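Enquirer: Heads up: the sequence lines are chains A and B, in that order.
Counting in the working numbering, the first sequence runs from 1300 upward without gaps.
Counting in the working numbering, the second sequence runs from 1300 upward without gaps.
Hints are not guaranteed to be accurate.
No farther apart than 30 Å at their CA atoms in a straight line, the calculated lysine-lysine pairs in the DSS-like style are these [stated by the list, open to error]:
id	chain 1	residue 1	chain 2	residue 2
1	B	LYS1307	B	LYS1359
2	B	LYS1359	A	LYS1307
3	A	LYS1359	B	LYS1307
4	A	LYS1359	A	LYS1307
Worth flagging that the hints you see were computed from the coordinates, not collected in a lab.
Bear in mind the structure is a predicted one, so any value in this text is a computation, not a measurement.
2 protein chains.
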Amino acid sequence: MDSDRQHKLEARADILRALAHPTRLFIIEELSRGERCVSDLTRMIGADTSTVSRHLSTLKQAGLVRDRRQGLQIWYNLRVPCVLNFFSCIEAVLQSTAERHLNVLDHK
Amino acid sequence: MDSDRQHKLEARADILRALAHPTRLFIIEELSRGERCVSDLTRMIGADTSTVSRHLSTLKQAGLVRDRRQGLQIWYNLRVPCVLNFFSCIEAVLQSTAERHLNVLDHK
DNA sequence: TAACTATTTGGCAAAATAGCCAAATATGCA
DNA sequence: TGCATATTTGGCTATTTTGCCAAATAGTTA
């Protein structure tokens, strides 16, 4: 595998890794409905503020969200709404996985 | 956050986590071109067979690939081709990230 | 300036992931 | 049966990720 291809695959994996956490998926979904500030999200998630802040910084680092300060608060918004399209495919995976499990039961 | 939603987010995150590795993305791309056996992939990837086998089992566990034995070899194929659509969005993220970096340079 | 609120960062411990080697398993063939 | 090939699994170590607490930073208001 040449190093150019390797590099591209790593860049893609970085983005997927940023998405691959329940809390961060929650944040993405929430931001798809509109801008939210850190304390809003923290309240909804119910974790430590510092934890939520770290998740946000992971998403920002990956280029998935953007932030802007307004007074004391920092508002986050979704930078790349097309990530939402991911989920329809993921649901398809989950669906087929569920069927597969049913089949396993059938074969018993 | 209710536990039903939590559960759904975890299921999605499981699938994204399975995708979030350069080698596994390579495998997905390769399988999108057609069925491949473990030794084919091992040769292309250049890692230990056991490592490649573990990556395959991660993808299988997530419901992304399927395998079938034929004689000594086990052939893997893509179970959910729609994952390929992910990548067009990911490329968009990468593109916008690149632009953002250029802007940073502009501002200096 | 001091006190207060919102957010980020440093530092740590626990848990999850990755990759290798060696050993086990499954199949084919003499 | 015995040997060879293909793949998976056990076991280990190194690395990464996660989440909390405490401390630092940024901005507002008196």
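Enquirer: Holds or violated: are the alpha carbons of B:LYS1359 and A:LYS1307 at most 30 Å from each other?
Expert: 23 Å, holds
Enquirer: Compare the distance between the alpha carbons of A:LYS1359 and B:LYS1307 with 30 Å, and conclude whether the hinted pair is satisfied.
Expert: 23 Å, holds
Enquirer: Checking one constraint from the list: CA of A:LYS1359 to CA of A:LYS1307, max 30 Å. Satisfied?
Expert: 19 Å, holds
Enquirer: Is B:LYS1307 within 30 Å of B:LYS1359, Cα to Cα?
Expert: 19 Å, holds
In summary, this structure violates none of the numbered hints.
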